[in-house]
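Chemist: Sequence:
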Amino acid sequence: LTQLHTGHIGLNAYLTCFGIVNTSHCPTCNEPETVNHFFFTCRRFGQQCDALRHALHAANHQQLSKRSLLGKSKNRTLLLDYVVATGRFPQYTPSPS
Numbered sequence: 418l419t420q421l422h423t424g425h426i427g428l429n430a431y432l433t434c435f436g437i438v439n440t441s442h443c444p445t446c447n448e449p450e451t452v453n454h455f456f457f458t459c460r461r462f463g464q465q466c467d468a469l470r471h472a473l474h475a476a477n478h479q480q481l482s483k484r485s486l487l488g489k490s491k492n493r494t495l496l497l498d499y500v501v502a503t504g505r506f507p508q509y510t511p512s513p514s
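Just so we're on the same page, this note's numbering is the position in the sequence shown counted from 1, plus 417.
Everything labelled a hint here was simulated from the structure, so no lab data went into it.
It should be emphasised that the depicted structure is a prediction, and the values quoted were computed from it without experimental measurement.
Heads up, some of the hints might be wrong.
Stated by the list, open to error - Distance windows between CB atoms, simulated:
hint	residue 1	residue 2	range
1	D498	C446	19 to 29 Å
2	S490	T440	28 to 38 Å
3	G463	R493	17 to 27 Å
4	A476	N447	30 to 40 Å
No residue lacks a Cβ here, since even glycine has one placed at the ideal position from N, Cα and C.
Use the sequences and the hints to build the structure in full.
Modeler: What follows is the structure, given as structure tokens:
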């Protein structure tokens, strides 16, 4: 969660700073792959984002922003479910039991 909050996570916008990837852009959307892009605008994860929005709405959290997602402890489970559902960070996916 700290990495998502600071942006120091394996998204292309951050990885280009270290020469790990050649482009800062999302391979699907061709926009900078930032945390905000990952959470809110990436077409690749539209279905997962819709599920996150629905879960937040059901939990009476109307505002969908990086700050509200990362700043409220009661959103952590929903946020982690989203991260796992996208498969974008396989290193953070729980291994099967």
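Chemist: Take the hints in turn and mark each one as holding or not.
Modeler: Hint check:
1. In this structure, D498 and C446 meet the distance hint of 19 to 29 Å, their C-beta atoms being roughly 22 Å apart.
2. A hinted range of 28 to 38 Å for the beta carbons of S490 and T440 is consistent with their spacing of about 35 Å.
3. For G463 paired with R493, a C-beta distance near 22 Å keeps the hint of 17 to 27 Å intact.
4. Distance hint for A476 and N447: a CB-CB separation of about 33 Å, consistent with the stated range 30 to 40 Å.
Checked against the numbered hints listed earlier, the structure breaks none of them; every hint is satisfied.
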